[in-house]
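Colleague: Given chain Z, put chain H in place with the hints provided.
Here are the chains, one letter per residue:
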Amino acid sequence: MMYWTIKFPENLFDLKILDLLMNTLYLVILSSLLLIIFGLVSNYGNRVNKNKTLNILSTLSISGYAIPGVILAVAFITFIAWFDNSVIKNLGFVSIKKVFIGSILGLVLVYFIRFYSLAYNGIKSGYEKINISVDESSYLLGYSKRKTFMNIHIPFLRNSLLFVGILVSLEIIRELPITLILRPFNFETFATTAYISASEDLLEAAAVPSLFLILIATFFIIVTSKYILRDNND
Amino acid sequence: MTKNFFEVNNVDFNVGNKTKVKNVSFAIENQGDVICLLGPSGIGKTTILRTIAGLEKLKKGSIILNGKTLSSENINLEPEERNVSLAFQDNSLFPHYTIEKNISLGSERNKEKKEKKISLKEIVDLLDIFHILNKYPHEISAGEAQRASLARSLIMQPDLLLLDEPLSNVDQSFKEEIQVRLKKILNKLKITTIIVTHDSYEAFYLGSKCGIILNQELKQFDDPYKVYHLPNSIEVVNFLNRGILVPAKVTGKNTLENWDLGTIEGNFIKEYPEGANVQLLLQPEDLEHDDTSNLKLEVVDRKFRGTNFIYTLRAPSNTLIPVFVHSHHIHQHEVDEKFGIKRPIHIDHIVCF
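Protein chains in written order, with numbering that gives the first Met the number 0: chain Z, 0 to 233; chain H, 0 to 352.
The hints are simulated quantities; they were obtained by calculation from the structure and are not laboratory data.
Cβ atoms here follow ideal geometry from the backbone N, Cα and C, with glycine treated the same way.
Please note that a few of the clues may not be correct.
The following label-pair restraints were derived from C-beta to C-beta distances [as the list claims (entries may be wrong)]:
| no. | chain 1 | residue 1 | chain 2 | residue 2 | range |
| --- | --- | --- | --- | --- | --- |
| 1 | Z | Tyr226 | H | Asp222 | 53 to 63 angstroms |
| 2 | H | Lys67 | Z | Tyr226 | 42 to 52 angstroms |
| 3 | Z | Asn48 | H | Ser103 | 25 to 35 angstroms |
Some chain H residues flagged as far from chain Z (calculated, every beta-carbon gap over 10 angstroms) [said to hold, decoys possible]:
| no. | residue |
| --- | --- |
| 4 | Ser91 |
| 5 | Leu92 |
| 6 | Ser118 |
| 7 | Lys189 |
| 8 | Thr250 |
| 9 | Arg301 |
| 10 | Ile309 |
| 11 | Ser326 |
Computed footprint of chain Z on chain H, listed as stretches where at least three residues anywhere in the stretch have a Cβ under 8 angstroms from a Cβ of chain Z [stated by the list, open to error]:
| no. | region |
| --- | --- |
| 12 | 68-79 |
| 13 | 94-106 |
In isolation and in its complexed conformation, chain Z is listed as follows (with noise of 0.2 angstroms):
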């Protein structure tokens, strides 16, 4: 990929690489921290209140992932469809098609069901190191709930909530298929663009994107082993 580039620098200055790099960290940002306060907020509720519903809706909520995304796509399209034409419009409301298909919030809304599992597990695992005990010391000091949440919970679970923003990060970056059918008009990414080069077979033009989400990757992996490195060290 590097050669490619080197030798076909042209490449790098058709591809509008700020507007690729500027929609990926857009979705990237967007549908991580939407991830990661779900997941934050649904294994602070299970902790607190051992609901067997909530339970059970938190393990329906992660099978997700085991969904191939194409299949996810089109479930999903299917089901606003359908929910558009069976209840919305019977209501006399005005169409919601527009608003989830082919949005930023469809395309959000897919990478949430898909990836809400390493969301939700990440944290979970996190939290599962710190004895419940502490949690009630905590309130036997004077903290309310919110307080031993923002107190004692989010800096304890710093490092598991850095390393799942980066896993779904990364699972994002490159995410293909539901990117593909669900993404706006004229909203490419460096994966889409890649694929689009490469289906093409301009496995030179494919080159550049490519390389930039490996170094988009890269310097994910690089500040976070960093930072969880030197709060180890500490």
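Modeller: For chain H alone, coordinates are given in the frame of chain Z:
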């Protein structure tokens, strides 16, 4: 009617739907008193502390601290609203904070409300944890973590302090010293304390009153002397394991007769009719060694316990009787030798069942 500082009234202590200890009532009369709850492992002692701290819900009875109801069928104050501190048996220090930060979090509570009776330095010196202040919980031993946790609870100066086996992980060599320091500090701070332990010596030393929990019930709640010398049930005798029960017949107002030991004199705790067959509690200190006595029993075992030897003697009826002899006593006996018991046998308080 005297108003108690702390009261537990007819409480069933539960974990989920399972009742661990039933219908418990006891009171701590004065602020600053220390009481101990004793019982075998798994009996529900920790559940009692957790319920008082508000970590378990209460379904029956009431818990009142300084005139304020903490828990009842209708009221359940959240743990953070109680100003009750619980030092857990296991390490419950915040893993991402140093020991110093962990302890100082305790002092942040009530800092506006209370006059500072003790400083961080004082408490650290008392519990000998200066060397671990800059370490994290995963870098210290279980005993050190327990002392750090204790320091955090003490510096909080709560209205009620609950200690769950506070010294169970502390080295035996250091335990007694820490017990002395703990007693001193509790006295100084006047913190009302409930200590749960299975070490009866610890309970007798630290508590002005002791509760014995057995078979889902609080069997006895009394001062340590009475719990030891005047146990109110056979279960308490068996739990404390500080004596045996031998069959005897009441022969008079102050006497009874045992087939192996002959006549025993003393003061009955309860009245029994003459001729009644009873089980007499015989504790190791009740019998005295006397080589010149004609009552001689066979030595089957001899245990060295520092200040004392405990001799186990076999009586003609095959009953095994324990007897204390000071370890500096000039004439010691080996196993299988004969051991003389001073007659007449006199027991200050005769406890029978």
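Colleague: Now tell me if each hint is right for this structure.
Modeller: These are the hints, each one checked on the structure:
The hinted range of 53 to 63 angstroms is satisfied by Tyr226(Z) and Asp222(H), whose Cβ atoms lie roughly 58 angstroms apart. Distance hint check for Lys67(H) and Tyr226(Z): the Cβ-Cβ separation is about 47 angstroms, which falls inside the suggested range of 42 to 52 angstroms. At roughly 31 angstroms, the beta-carbon separation of Asn48(Z) and Ser103(H) lies within the given 25 to 35 angstroms, and the hint holds. For Ser91(H), the shortest C-beta to C-beta distance to chain Z comes to about 4 angstroms, within the 10 angstroms cut-off, and the non-interface label is violated.
For Leu92(H), the requirement that its beta carbon stay farther than 10 angstroms from each beta carbon of chain Z is not met, with the minimum near 8 angstroms. The beta carbon of Ser118(H) sits about 18 angstroms from the closest Cβ of chain Z, which is more than 10 angstroms, so the claim that it is off the interface holds. Interface exclusion of Lys189(H) from chain Z stands, the closest Cβ pair being 20 angstroms apart, more than 10 angstroms. No beta-carbon of chain Z is positioned within 10 angstroms of the beta-carbon of Thr250(H); the least distance is around 57 angstroms.
Every CB of chain Z lies more than 10 angstroms from the CB of Arg301(H), the least distance being 44 angstroms, so the non-interface label holds. Its beta-carbon lying about 39 angstroms from the closest one in chain Z, Ile309(H) satisfies the requirement of being farther than 10 angstroms from that chain. Residue placement check: Ser326(H) keeps its beta carbon more than 10 angstroms from all beta carbons of chain Z (closest about 42 angstroms). Coverage of the region 68-79 of chain H by chain Z holds [criterion: at least 3 residues with CB-CB distance below 8 angstroms; count 3].
Counting residues of the region 94-106 of chain H whose C-beta lies closer than 8 angstroms to any C-beta of chain Z gives 4; at least three are required, and the coverage claim holds.
Violation of the numbered hints given earlier is confined to hints 4 and 5; the remaining hints are satisfied by the structure.
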